[in-house]
Amino acid sequence: MSRRLLDYGPSALLLECEDLPEALGLLPLLRGEPNIDEVIPGARTVLLRLNAHVDDAQRRRLLTMPAMALHETESAPIRIEVDYGGEDLAEVAKQITSTPAEVIRLHASQIWTVGFCGFSPGFAYLQPEHDWLHVRRRPVPRTRVPAGAVGLADSWSGIYPREGPGGWQLIGRTEARLWDVRRPSPALLQPGDRVQFVAINES
Amino acid sequence: MILIVDTGPLAVIEDLGRPGLAHLGVPPSGAADRASCGLANRLVGNDEIDAVIEVTFGGLIIAADQLHWVAVTGPPTQLWIDDQPTASHAALPLRPGQRLRIDPPVRGVRNYLAARGGLQMPKTLGSRSTDVLSGLGPAPLRRGTTIQVGQPTGSLPGIDVAPQRVPSKDLEVFPGPRRDWFTGEAWARLVSEQWTVSADADRIGIRFEGPELDRRIAEELPSEGLIRGAVQVPAGGQPLVFLADHPVTGGYPVIAVLSDVSADHAAQLRPGDHVRFHG
Numbered sequence: 001m002s003r004r005l006l007d008y009g010p011s012a013l014l015l016e017c018e019d020l021p022e023a024l025g026l027l028p029l030l031r032g033e034p035n036i037d038e039v040i041p042g043a044r045t046v047l048l049r050l051n052a053h054v055d056d057a058q059r060r061r062l063l064t065m066p067a068m069a070l071h072e073t074e075s076a077p078i079r080i081e082v083d084y085g086g087e088d089l090a091e092v093a094k095q096i097t098s099t100p101a102e103v104i105r106l107h108a109s110q111i112w113t114v115g116f117c118g119f120s121p122g123f124a125y126l127q128p129e130h131d132w133l134h135v136r137r138r139p140v141p142r143t144r145v146p147a148g149a150v151g152l153a154d155s156w157s158g159i160y161p162r163e164g165p166g167g168w169q170l171i172g173r174t175e176a177r178l179w180d181v182r183r184p185s186p187a188l189l190q191p192g193d194r195v196q197f198v199a200i201n202e203s
Numbered sequence: 001m002i003l004i005v006d007t008g009p010l011a012v013i014e015d016l017g018r019p020g021l022a023h024l025g026v027p028p029s030g031a032a033d034r035a036s037c038g039l040a041n042r043l044v045g046n047d048e049i050d051a052v053i054e055v056t057f058g059g060l061i062i063a064a065d066q067l068h069w070v071a072v073t074g075p076p077t078q079l080w081i082d083d084q085p086t087a088s089h090a091a092l093p094l095r096p097g098q099r100l101r102i103d104p105p106v107r108g109v110r111n112y113l114a115a116r117g118g119l120q121m122p123k124t125l126g127s128r129s130t131d132v133l134s135g136l137g138p139a140p141l142r143r144g145t146t147i148q149v150g151q152p153t154g155s156l157p158g159i160d161v162a163p164q165r166v167p168s169k170d171l172e173v174f175p176g177p178r179r180d181w182f183t184g185e186a187w188a189r190l191v192s193e194q195w196t197v198s199a200d201a202d203r204i205g206i207r208f209e210g211p212e213l214d215r216r217i218a219e220e221l222p223s224e225g226l227i228r229g230a231v232q233v234p235a236g237g238q239p240l241v242f243l244a245d246h247p248v249t250g251g252y253p254v255i256a257v258l259s260d261v262s263a264d265h266a267a268q269l270r271p272g273d274h275v276r277f278h279g
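Protein sequence lines correspond, in order, to chains A and S. Position one of the first sequence corresponds to residue 1 (my numbering), numbered consecutively onward. Position one of the second sequence corresponds to residue 1 (my numbering), numbered consecutively onward.
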């Protein structure tokens, strides 16, 4: 068994999982556990902020509880329309030895799953079903990336919720509002959500 | 109502922040030195959740249009009401037309000003805190800003003055989740050598300068959750301690974590300070 529970100072634990699907499959169960204030997913871990001592029995439970299969938690994918005309489309095509049209097809023809959020509010790290678009980050980050820019880095895809600096390879842009504090649920994408990108500039 | 006459280098509204939203990418934010923020509120009979002004390196001047009870906490510092010197860590009546000025602290960085009734600013995601990383919450205070003060909810405490706490430069650390990604010597250096606070220190975190902390495992770490007080070691081997406005996830290993009390003390470190971590 490769799940591990790592001490994270006096009031937190890091649950290291086999992979992202296991971490996501444990989220709903961990949120129901006693003594845990907050559950924060990472790329293959779940950080547990504690409000009380976790005893040996609970530690054993955290290490052995079966993760829910993702199809038990998932609903219909969220559709995000993308105007694929990003400045780095040609660079991405070059890195995977392909064409811009093929990059678009590979991006829009699979389901992406929100693994975790970070970088800025509402920025979701999206994991692909297939590692077809594995690219290096830009050697020098851009100082200004517009809100709605759709990017790639390593095997992740992500959408910049607001204008700011960023080093991901940009392949398109969406009008979808990723983050809006006036909405009851400010983040469009949350861990475990699934995303289907839809090309809106296909000729 | 309180008028901001001058702000000093940085004055921001803070309360206990936005805990519980990290899974959406929202930093916890809130007062960098939570103990000092709590004491300021208690000295004027406020709730712990009331908003205060976090003053960085002094220089804040406020004026009152009616009687307001205020208290300033944090590192020891000199206050002035008009031209009269007065004490921090005490509830003070600020009368209509009077001005309160906060000098820069001799040691430490951040002072906290509470007003009886609490500072009323619009809330974002349940908090009035300014988050300098994500841009959530009110903008840093500017000259001429006016702040409404709420109705008192509790009575003034039956004490005149609270003890002052000199910021400590001995910080308590516990092992972090990736201690085993570093060599045994790296941990030994962390808890035995002297570390210097670099100029790169703000509400997000503090970079330290000292001996390099060598990795045993060199591979890239998939991003994982961060907490206040986490001691992360980015490429380059120099540790970085995260404070209130820290990013919620990071891709470098966390070797150690400060105790809650030490995280408050870390928020009072200034560039050039020498620090020791005790494991």
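Read the hints as simulated data drawn from the structure, not as lab findings. All values reported here derive from a predicted model rather than from experimental measurement. Just to be clear, a hint being listed does not mean it is correct.
The calculated lysine to any residue pairs, modelled on SDA-like cross-linking and capped at a C-alpha distance of 25 Å, are [to be verified]:
1. S:K123 / A:R177
2. S:K123 / A:R183
3. A:K94 / A:A199
4. S:K123 / A:K94
5. S:K123 / S:D47
Do the hints match the structure? See the list:
Restraint check: the Cα-Cα separation between S:K123 and A:R177 comes to about 21 Å, which is no more than 25 Å; the hinted pair holds. Our distance criterion of 25 Å between C-alpha atoms is met by S:K123 and A:R183, whose separation comes to about 14 Å. Distance restraint check for A:K94 and A:A199: the Cα-Cα separation of roughly 20 Å lies within the 25 Å cut-off, and the hinted pair is therefore satisfied. At most 25 Å may separate the alpha-carbon atoms for a hinted pair to count; S:K123 and A:K94 exceed this at roughly 47 Å.
Between S:K123 and S:D47, the direct Cα distance comes to roughly 16 Å. Compliance with the 25 Å bound is thereby established for this hinted pair.
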